[in-house]
Amino acid sequence: MHSLITEGGAMTAGAASGISSLAWLLVALPLLGAAVLLLGGRRTDTFGPGLATGLSWASFAVGVLVLVQLLGMAAEDRGMHLTLWNWVPAGSFKLDLGLLVDPLSVSFVLLITFVGSLIHVYSLGYMEHDPDKRRFFAYLNLFVAAMLLLVLSDSYLLLFVGWEGVGLASYLLIGFWNWNPAYATAANKAFFVNRVGDLGLSIAIMTMFVTFGGVDYATVNAGVANANPATLTAIGLLLLVGACGKSAQFPLQSWLGDAMAGPTPVSALIHAATMVTAGVYLVVRSHVIYDATPDARLAVALVGAVTLLFGAVVGCAKDDIKKALAASTMSQIGYMMLAAGLGPVGYAFAIFHLLTHGFFKAGMFLGAGSVMHGMNDQVNMRRFGGLSGVMKITWGTFALGWLAILGVPPFSGFWSKDKIIEAAFVGEGWQPWVLGGAALVGAGITAFYMSRLFFMTFHGPRRWTEDVHPHESPRIMTVPMIVLAAGSAFLGLALGPTGAIQSWLAPVVGEHGEESPVIAVPVLMVLTLLFVAGGIFLAWRGYWQAEVPEVAPRGSVLTRAARVDLYQDAVNEGLFMRPGVHATRALVFADARGVDGAVGGLAAAVGGLSSRLRRLQTGYARSYALTMLTGVVAVLGALWVIQ
Amino acid sequence: MTSLPLLTLMMVVPLVGAVVVAALPSGAARHARQIALGASLVTLALGVAAWVAFDSGSDAMFQLTETHSWIPQFGVSYALGVDGIALALIVMAVILTPVCLLAAWNDVDEAETGRLKRYFALMLVLEAFMVGVFAATDVFLFYVFFEAMLIPVYFLIGFYGGPQRQYAAVKFLLFSLAGGLIMLVAVIALYIAGPGGQDGFLVEKLIGNVDGSPVALRWMFVGFFIAFAVKAPMWPVHTWLPDAATEARPATAVLLVGVLDKVGTYGMIRFCLQLFPEASKWATPVVLTLAVISVIYGALLAIGQTDMMRLIAFTSISHFGFIVLGIFAMTSVGGAGSTLYMINHGFSTAGLFLIAGFLVTRHGSKRIPDYGGWQRVTPVLAGTFLVAGLSSLALPGLSSFVSEFLVLQGTFMRYKVAAVIATLGIVLAALYILLMYQRLMTGPKPAFAEGAAPRDLNRREKWVVAPIIASFVVLGFYPKPVLDLLNPAVDRTMQIVGVTDPAPTVAAPGSSK
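Chains W and V, in that order, give the protein sequences. For the first sequence, counting from 1, position 605 maps to 605 in this note's numbering; every step adds exactly one. Each number in this note's numbering corresponds to the 1-based position in the second sequence with 1000 added.
Worth flagging that the hints you see were computed from the coordinates, not collected in a lab. Source: prediction; values computed, not measured. Treat the hints with care, as some may be off.
Said to hold, decoys possible - Now the stretches of chain W that chain V is said to cover, found in silico as 3 or more residues with beta-carbon under 8 Å:
id, stretch
1, 165-177
2, 192-205
3, 469-475
Just so it is clear, CB atoms sit at the ideal spot from N, CA and C, and this is done for glycine as well.
Build the full structure now, drawing on both the sequences and the hints.
Printed below as a string of structure tokens:
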């Protein structure tokens, strides 16, 4: 079962053995939970949430066993393939349903099941009094199953099943409280924008089949070397469209802010730690294609750079704690996209930052949920302040997440983000300056808006509304926060300086080249830290030292633009929605008057039946039609006679 | 192989059932429903037996064949037989019939014994004709069933439908008759151009044996195609469908849109492609254009509807556009996708129409704006409706996704632009389904008077919904049993037309998967 590493770094997977041949359990366990809770109905109200949580942990346990098995194997053998059944045998299109266990998919499996299970536990407390708690846990399990299918599939088509499966779970959970019409609209918006992205992914898959004769990773990767570069660029760009939809990257980013309508644990799991990073996974998983098409890769990097600045700018102006965190998520995924678009120097760091971000951002979202829990579900940071005294655990865990996202050494984000900034400065011509510059400036803005968020919430004077009595959340919520905070603090240290993440992913994404940035690494590091310090200082001066008005001041042009997400909705509505509504209305009118009328009129004219048609509407219709039927029978009879 | 004439039996059983139901004394009329359901279940059992008896590996074009001379002077035989496509459609029809009967259980007041008996008898008659039209392997026999089907549907809409039932029924009849008459001309011309003789209408005899100038063959093709396009229905001859679907009872609408309209797309394969391969190729650009227009137009019109039944009807126009697209792409992938789509669409449309019907019986209105917040009133109804909707929008993991993807993939192999435009339909599908769901089911819980709050799905209604949803999941992850039926028939069609799939541009080593 010796495997070989191809030129592009794509490993040929052997047949699954040992615990990996049970990898299907990873998906099946949470899926079972979702099925039991949804089909079992009210009968499962009592034990359902606990069962769902247990099954999620069970899936994590299987993931750990798979990891142990992989670590016990030689690096080049760590790719195993598991064919489950013959899925779509349709003419010349033949596809098995199969799973791929390799370092990349296992990294995701562990992130999804570990963070996912922690969030299940947290939700036991957060959703305790919700009458639809069972349905919530069913959807969470459904999400975990779909996300695991997405990362474990061995073909683009099966990935697409998980891809839209997580989209469905996201839709259901954003709209979980859809008695509020705005939340129902937010759920729809997420689904619609994602479908636009899926348009790209669908066409990419179709192009792969006509190019390579298959849509499984092995066939596609094997064919890349002989493919037409223009076709590869097209596939790369189409995949990018799909990635933009799922990962809320420019220009398909508009849904993520509204998605905060979902319960906060959902925002932590789906809209921060896992689902929204699927676009990064897609790009890295398709690295053989992107390696062969620098143009498409540059597009990925540019999208990442634009989005990381876009999200950061928007994050500066938001007063809603969840929307500020959502903008930050968008921006951080921008960093990952940028890294993925840099090619071999960036793939491993894209995944590294994705993992550390999964911990610190999920931790901060849970912290935000804890704050909301204590503040009557308020989200306006202008009415927070000084919470550090009353919510010590929340404050402490949030602080670790904050230090991690800022990239303060030695916390997790420092190891992953700094590497991305370094890698962005690698290259020739204008690219390192533009991409690296964006990453560097982004780090400064990030420091500003995250510090602003942190200070407005936990420090400065108390600006609380009169009816709140903030208190620390129960243990069942704080323990997951503490665990995630530990990850925010130490995960980077464990994987970064040891080089563990690069060597772990190398069998999948290839060795990353040792190229030097256009600015010396130590200089870059100091520069980055200066930008970060500057951001913290500005936020400290503006939102800790100075008084924070309880009602947002009018602000500059830029602030007002950022508050409305740089007019993203206005643009979409003006360009697509309103013309679409008008076109639909016009068509409905035209169909009734035009097409129907024309067909009816034609029939009348040809047959000279106008007078009879009038009778049709005066009650003789039946006799008329029956006459016609009789006529047909008569014609048939006559034909027989003639014969 | 069995010697039982299974296909004939599948018509005789429902017809006998219909006669028994219609002849019940008024005192026993309330048993009409049980008898009808029993007859349809026996038919279903026969359908399963036919599936078991069918050999996917056989070289014969048709299996389970029965051939008897009927009007030898005119070359007409009573000839039945099925290939995989016809068998799959028949099995779908005999599964959906008992489901629809169960859904229609309380459509007619028990006190109106005469109406009750006739309603269920008509549904059984329709079932028999549906089996016949797919099983006929004689062109003339097919035509007879094609026209005969109109009669029970006309009465089901015209006598049991909504307030505009007369208008809708007549419109349906006029469109169908117009198409049918044009086809009749083509049928006669076909006999003249064919080999003739006492069994000159047999499909197997006609394939490859239709002599005539290219122009004449094209005219014949057009004659068949127009009839099938009306039935399918395609833009611009679709306008009868929304009226018929909204005025008909939901169960009738399912049999009409889900099964009967498939005769159109089935006919395109069986008659247009197989009998007139050259003319089919000649017409392909026009047909593909019409199909793509149907996909987009049907979807846009669906978005704009306020009547939920009309909305569902327009989604079907979009879906039929996909089916026609896959057929005329003339690839094995598109063909398998289209034929699978015919099956999946039957079930997802059944889900939408029937569950929407359950909603309407509770609130008495088909207008979408009259609803809102019903997820909090009838959660199971809302949940199952959402699942049916997700199947309609071809969510990956549910059955329609496989077929819709195959259609698009099969089309893309030859006609990239058409496929890309049609792919826009997946965005529009999300819009029409989820906007409808939002308007019906989300929002604040509506207020009802004390004790007047509608109940959620009852046991009978759950039995209606369960097989439909099961089909979504099973055929979504394991469509192989159906595809194994369809593939050989699709391949044969490709052979007859004389086309092969374009090869991948990169012949990758080890791409045998």
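Hints violated by the structure (numbers, ascending): Of the numbered hints given earlier, the structure breaks just one, which is hint 3.
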